[in-house]
Amino acid sequence: MRTTPTAPRPAVRRLAFGIGTIALLATLAACNREQRRFRESPPSTSPSAVRVSALQPGTVQDTAHAPGPYDDVAYHVSEGQRLFGWYNCAGCHANGGGGMGPPLMDEKWIYGSAPEQIFNTIVQGRPNGMPSFAGKIPTPQVWELVAYVRSLSAQNSTGARSARSDHMMMYPGSGSLQDATTPVKSFHPPAAEMP
Amino acid sequence: MMLVDGLRGALNQSALEPAGPQAATVAHLWWFAFIVASAVYLATMGALWWAARRARRREERGEVLDEALAEPRMTRGVTWATAATIVILLVFLVTDLSVGRTLSPVPSKRPLTIEVTGHQWWWEVAYADTSPHGRFTTANEIHVPTGRPVLFVLNSQDVIHSIWVPNLAGKKDLIPGYTQSWWFQADTAGLYRGQCAEFCGLQHAKMAFQVVAESPDRFARWVSLQQQPAMSSTDSTASRGREVFLTGPCAMCHSIEGTSAGSHAGPDLTHLASRRTIAAGTLPNTRGALAGWIVDPQRIKPGANMPPNQLEPKDLDALLTYLQSLK
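Residue numbers (the numbering used here), protein chains in the order written: chain A, 1 to 195; chain B, 1001 to 1327.
Simulated from the structure, these hints should not be mistaken for laboratory data.
No residue lacks a Cβ here, since even glycine has one placed at the ideal position from N, Cα and C.
A couple of the hints might just be wrong.
[Unchecked claim] Taking lysine-lysine and the DSSO-like style, the derived pairs with C-alpha atoms no more than 27 Å apart in a straight line are:
#1 B:Lys1206 <-> B:Lys1327
#2 B:Lys1206 <-> B:Lys1109
#3 B:Lys1327 <-> B:Lys1314
#4 B:Lys1109 <-> A:Lys136
#5 B:Lys1206 <-> B:Lys1172
#6 A:Lys136 <-> B:Lys1172
[Said to hold, decoys possible] Which stretches of chain B does chain A cover? Using the computed rule of at least three CB atoms under 8 Å from a CB of chain A, they are:
#7 1013 to 1026
#8 1173 to 1185
#9 1294 to 1300
[What the hints assert, rightly or not] Quick list of simulated restraints, FRET-style, between CB atoms:
#10 A:Asn88 <-> B:Thr1259: 12 to 22 Å
#11 B:Phe1092 <-> A:Pro42: 50 to 60 Å
#12 B:Asp1173 <-> A:Asn88: 22 to 32 Å
#13 B:Asp1173 <-> A:Gly85: 21 to 31 Å
#14 B:Asp1296 <-> A:Asn88: 43 to 53 Å
Let the hints inform the model, and build the full structure from the sequences given.
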């Protein structure tokens, strides 16, 4: 039995058009990850009175956070990775695994893992070892470091994360950080979280 | 003045004005290839013109081409052309190989050794010495003595670069994680421009350097100056500038021998004021250019690893005075 060739066309065409539109939109959305912003001066954050751990008395206060300016731009994340080495963050934090300093591969941190909290940690320094980089690292570079450090625990968008990191991985066997997801449980026994 | 006169007109970048035996051999090869290729071109065009003219003449005279005669003629012509092509290509091959063989071995005379490391987008230049205190590092300016072979140990910090000083030698790639060697000898004193010859990212075009070929005496004087730590100025503005440098962002990447600044991420600035250019041959080393570079390098070289620095005008002024005192 022969089918008329004209019958399925509108449906096929509509489907093709739909797929095309979705593909185009997906492509446009991906544009942002490669945008390189060389000459802007993002604002520095003001010291916030956020209490994110139970180390100090009182209840935990942690409200909504604005995203960092470079969180979803692959270029700036990779710049942050370069600076992480240049400024010897690895000296204490060992490419995210932690050494003298706490590990950065999970998102549960003493002083908060939101962009402005990390910014303040870098700029102000923290007790027991974290030096203050105020006046030492220009503001745009601090934000790049923030974006990279957050990418270690997969807190920024997948498209902006480095796909070729040779460093430690979130889960054993995950080929790259691209495959890493936000951990559902901590690897460390609870005692290890206290410095 | 004499030096300036001597250097004028020499600041060029041409493989056809060789200033040493390496570049001379390359230039000879170029001229040889040019002359042979021109002869082949002229011969081909001449034969074409001659054939066209003869065919026109025949047509005018009303002659009819004899098929039996034309076939062997054609075979003969094609055979000759093929034979000539093979011979010329063989000559090129032999010449090329012999040039390669002449240039590759480092001459047996004890050469001067310089380590060049490629960075995005500048050149780190370290002079090896038998004693640790004799070793020093500079950037984007290679001083060499005339009449002595110079051996280069090439490395790269990030991506593949290629070093090229047309007046002195051919190109050599700088490959990350793989040490290459390269050498040349400068016979004529002068200032020669070099350039990265392998696309290496955004500012590849602004990754230049200068080779200063000078008499052995002059070179020895330059070396003894470079081996000194940075001068400590007694001027109060310069001292203030030194403080700005050491407490501000500069010390995060740059080093100045004799101070606590010891980071090797950016170029060594111990004798910055003695160099002719800044930002890898991009700008002349003047106070104004230096100020523009420090405050807004991303306008001059977008994508370069030097961040913009917002400094108080007074601090910037002091910093410039200090940097210009680093002779």
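Do the hints match the structure? See the list:
1. B:Lys1206 <-> B:Lys1327: Distance ~24 Å between Lys1206 (chain B) and Lys1327 (chain B) Cα, so the pair holds.
2. B:Lys1206 <-> B:Lys1109: 35 Å, violated
3. B:Lys1327 <-> B:Lys1314: Holds, because 22 Å separates the two Cα atoms, which is no more than 27 Å.
4. B:Lys1109 <-> A:Lys136: 48 Å, violated
5. B:Lys1206 <-> B:Lys1172: Holds, at about 18 Å.
6. A:Lys136 <-> B:Lys1172: Measuring from Cα to Cα gives roughly 37 Å; hence the hint is violated.
7. 1013 to 1026: violated (count 0)
8. 1173 to 1185: Not satisfied, violated; 0 residues make the cut.
9. 1294 to 1300: As far as the region 1294 to 1300 of chain B goes, the hint holds, because 3 residues have Cβ atoms under 8 Å from chain A.
10. A:Asn88 <-> B:Thr1259: 12 to 22 Å: 18 Å, holds
11. B:Phe1092 <-> A:Pro42: 50 to 60 Å: Since Phe1092 (chain B) and Pro42 (chain A) have Cβ atoms about 58 Å apart, the given range 50 to 60 Å holds.
12. B:Asp1173 <-> A:Asn88: 22 to 32 Å: With a Cβ separation near 30 Å, Asp1173 (chain B) and Asn88 (chain A) satisfy 22 to 32 Å, so the hint holds.
13. B:Asp1173 <-> A:Gly85: 21 to 31 Å: 24 Å, holds
14. B:Asp1296 <-> A:Asn88: 43 to 53 Å: Roughly 27 Å apart at Cβ, these two residues miss the hinted range, so it is violated.
The structure shown violates the earlier hints numbered 2, 4, 6, 7, 8, 14.
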